[in-house]
Amino acid sequence: MRRAHFEHLRPVCPACRMRQVDSPLSLGGEVVETDGRISAGELRCSEPGCGRSFPLIAGVPILVPEPDAWIAANAHLILMREDLHWSALDRIAAASGPDAGVSIVRQQQASYAFDHYGDLTASADDADGFPPEETGVRACLGAALDRLPAFSGPALDIGCAVGRTSFDLAAASDDGLVLGIDVNWPLLAIARHVIDSGRVHYPHRLVGMRYELHDFPVMFPGEERVDFWIADALALPFASDSFAVVTAFNVLDCVPDPARMLAEASRVSQAEGGVAISTPFDWASHATPPQSWLDGPAALDALVEALNQTAAREGRKVLNPSAPGVDIDWTVRLHDRATMSYRTRLVTFKPH
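Per full-length UniProt numbering: the sequence shown = residues 1 to 352.
None of these hints come from the bench; they were simulated from the model. Yeah, the Cβ is synthetic: ideal placement off N, Cα and C, and Gly gets one too. Heads up, a few of these hints could be off.
[Unchecked claim] The calculated label-pair distances, taken between Cβ atoms and stated as ranges, are: (1) G51 to E314: 48 to 56 Å; (2) V21 to M209: 46 to 54 Å; (3) S87 to R316: 49 to 57 Å.
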């Protein structure tokens, strides 16, 4: 965790946020800090009735309402060894089989990392026939920035995954901190690796269970203004009006309560700032209960309108569309011989 992000963004307790209370967090425990980067310690809630502490693990603050439950569910991922030679990891994955956790994690890392960083290594005439300019998340961000006002303040990238959109947000602004948040440790680890080592490092899937290592140096403009935390999109650990820009690409259909996520994005955004949300309406019951599914753009528009009516009655910001919604083609590379294509709906707002 960069100290500058902690001091400027002043995170609040996510558990108290569930009760709509902003309880500041203080840094404590056995703090380990080098050159403005805090690698160990804990963030403590100041609310007497709460008293929760949120640990920093490998420099990443775990800012979710129930940190111990999250740690218990993700302990095997946090403890995955990073010093194994590539060939040893290949052998472990092969012996475990395609349905084992290690293989599922590698497949996800491969698809997300290529979507975010494939343009840095691929070319239009690559053998896999997948031109890097077709990758979806950066095209979605570019379309969003075209529809949002210019910004100079802090930006929040909800569901940042492996982090390229956070770096792009920093490059789109001459100043201002950018924070990427996610709850997926293996994906966030790739993003953290970039700011910790200056290198992109991920398994690139060839076909079946065959992978090769992609590892290369990178330099992104404004990288020193970017940080990555574990945080919950339904209980954003920030006071209201904290961010000039808030983005959340293909996150809405990955949370238990889409309405709450939209309300949280609106709450932490600054008036006259910008909010960008995209979703392919690709729902799954393990992530979102069926009664909360939205069946298309009209249903999303209706949900936003209902949230705005409630916000207006309560004297809170409403999400005014900054441009008509638009469909963005998004193609995900699975391996050399397979891609998955869909349309994601991008909506942008100017909170007021």
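Determine whether the Cβ-Cβ distance between V21 and M209 falls within the hinted range of 46 to 54 Å.
Since the Cβ atoms of V21 and M209 sit about 48 Å apart, the hinted range of 46 to 54 Å holds.
Given the hint of 49 to 57 Å, is the C-beta distance from S87 to R316 inside that range or not?
55 Å, holds
Could one say that the CB atoms of G51 and E314 fall in the range 48 to 56 Å?
Cβ of G51 to Cβ of E314: about 29 Å, so the range 48 to 56 Å is violated.
Hint 1 from the earlier list is the only one contradicted by this structure; the remaining hints agree with it.
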